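Listed below are the residues making up each chain.
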Amino acid sequence: MARYVANRLAQAVMLLVIVSAIGFALLHLAPGGPLSQFAASAQMTQEDLDRVTRQLGLDRPLPIQYLDWFGRMLRGDWGKSYRDGEAVLSVISSHLGATLELMTTATIIAVLLGCWIGILGALRRYSLFDSLATVGAMIALSIPTFWFGLVTIYVFSVTLGWLPAGNRETVGDGSFLDLAHHLIAPAMVLALVETAMWGRFMRSSMLEVINQDYIRTARAKGMPEWRILTVHALRNALLPMITVAGLQFPTLLGGALVAETVFTWPGMGRLFLDSIGYRDYPVVMGILMFSATMVLIGSLIADILYAVVDPRIRVG
Amino acid sequence: MATAALSTAQPAPGQAAWRRFCRHRLALAGAVIIVVLVLGSAIGPYLLPFDDTYIDIMKRFAPPFSGAHILGTDELGRDVLARLMMGARVSLSIGIVAMVMAMVVGIVVGAFAGFYGGVVGAVLMRLVDAVLCFPTIFLLLALAALTEPGLVTTTVLIAATAWMWVARVVEAQVRSLREREFAVAALAFGSSNLRIMFRELVPNAVAPIMVAATLNVAKAILLESYLSYLGYGIQPPAASLGNMLNNAQIYLTSAPWLAIAPGVAITLAVTSFNFLGDGLRDALDPRMNIP
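From first to last, the protein sequence lines are chains Y and E.
First residue of the first sequence: 1, per the working numbering; consecutive thereafter.
First residue of the second sequence: 1001, per the working numbering; consecutive thereafter.
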């Protein structure tokens, strides 16, 4: 087990190095590179620019610059926002809560609903429910999230007037009920794609398990069907879902960005788009690196967890 | 007579695949819808009396089915149907061209990684893993922020964020095909590595590559709509299915039809390519079927 974890950790560190190299390259691809903020102002002369270049160490060889940049990233110094001079990491963390709230709620909805649909579809394979669920999942995966958001706003906010059309809270209210009321629509929109994915994976995982020999053995022993399904089949079918959670993470983050935009949700995705609009490259690159690192850590945790609950992985 | 009996007992693999494909009714429906969409966006604009960029300020916000404009007009009095057809033309073209670019990069990277294995394979595939760590929309938007938006950049950027899945598929195929007799025989004949890779191994992986290509078109159309909706893809006055929804949110109360037609078109196109890909997978590779 320790060996597996160490192995997987080493892989993750190597990936982080490549990811950071890609991030560093993108930073230097920006128009004017890291200097763009200074080059944009008209008062800067070429001499001033040269001086800033030397001060920031941008005249050193690229590998040295990269190591320096990577070292500062590790120490938590991610640069400063062009907009207000705030540290990038603190800008991100002030928007992270809203995004996590949205992602967690959507995931809970998607896991419960998706697993239920997937299990039922597998047990009643090729039934009307299963066919509808399969087709429905494919359509759900094909609908652009932002358009589903627009439709939701039109139906539930414009026509019915049940839900607010955006924002995280009513100004001046902010009670738990008010927050929950604002959360429903964006969480529902974000959960759509997730539910479809969970349903599809759960269905195939359940199908794989209920066709195994040990299920037939359990039946042959005369074990009641509900006990076979819950104790023997479901427990094993749920294991691969840990991997699915890890795999789903990038999609979830991307979906959150879109849902946040449509519902003016003050999260990290909206901050990202705003920063792009302001050409605030340190924040843009910061969020890009932050999200990639989150994905990396997410898949690392999923892999280790999977190895903990399923011993076959560690040995194989 | 014996041959006749044989031929009925064992149809050619191609025929069997075709039969399996036809049984997949949704895939067939997808194929039909794609043909309709392609024909509609290719020929349609010539049949309409309206130009997609013609502004008629007197006829702003005409609702659908009221007078000459079948799907109504938008905030500048432009005909929605004409814009929809031109938009579909742009979106479908981007989807297909971006797919071709992603396929070329993915096949080359996958073939080299799978064929050489070892250090080359490890380095290339870790690069694939690393790019996959970036959530697609974040990477796409960050790249778009660094470039001038337009038709060419949008297509290239989408391809740049979509080749990794193809590379994974091709790498796995080539790695396993490399050990087969025909590959070893080609090597014994003195074929060059490049020739073995691209004339022997890759053509034998054509089934999964075709499936990946079809699903890739669906993904590319979806990504174009996200990028254009957020304002970093196709720029107005040119229409694309995504940027038609750009202003739809502002007019959601007064002119909801502006949001309906483009959204339905995107969903229809993406769903069709997804079903087509699913059907191809079932038809071309029965082993990939989930039991």
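If you're looking for bench data, these hints aren't it; they were derived computationally from the structure.
Since the structure is predicted, the reported quantities are computational estimates derived from the model, not experimental observations.
A portion of the hints provided could be inaccurate.
Examples of chain E residues lying across from chain Y (beta carbon under 8 angstroms, computed) [as the list claims (entries may be wrong)]: (1) Arg1126; (2) Tyr1226; (3) Asn1274.
The following label-pair restraints were derived from C-beta to C-beta distances [what the hints assert, rightly or not]: (4) Y:Glu47 with E:Arg1060: 35 to 41 angstroms; (5) Y:Phe176 with E:Tyr1046: 42 to 48 angstroms; (6) Y:Thr159 with E:Phe1065: 48 to 54 angstroms; (7) Y:Glu47 with E:Phe1061: 52 to 58 angstroms; (8) Y:Gly161 with E:Val1206: 51 to 57 angstroms; (9) E:Pro1049 with Y:Arg83: 47 to 53 angstroms; (10) E:Phe1061 with Y:Thr159: 16 to 22 angstroms; (11) Y:Val158 with E:Arg1060: 41 to 47 angstroms; (12) Y:Arg83 with E:Asn1247: 45 to 51 angstroms.
C-beta: ideal position from N, C-alpha, C; glycine also.
So, going through the hints one by one against the coordinates:
no., hint, in the structure
1, Arg1126, "6 angstroms, holds"
2, Tyr1226, "6 angstroms, holds"
3, Asn1274, "5 angstroms, holds"
4, Y:Glu47 with E:Arg1060: 35 to 41 angstroms, "54 angstroms, violated"
5, Y:Phe176 with E:Tyr1046: 42 to 48 angstroms, "58 angstroms, violated"
6, Y:Thr159 with E:Phe1065: 48 to 54 angstroms, "20 angstroms, violated"
7, Y:Glu47 with E:Phe1061: 52 to 58 angstroms, "56 angstroms, holds"
8, Y:Gly161 with E:Val1206: 51 to 57 angstroms, "54 angstroms, holds"
9, E:Pro1049 with Y:Arg83: 47 to 53 angstroms, "48 angstroms, holds"
10, E:Phe1061 with Y:Thr159: 16 to 22 angstroms, "18 angstroms, holds"
11, Y:Val158 with E:Arg1060: 41 to 47 angstroms, "20 angstroms, violated"
12, Y:Arg83 with E:Asn1247: 45 to 51 angstroms, "26 angstroms, violated"
Hints 4, 5, 6, 11 and 12, counting from the list given before, are not met by this structure.
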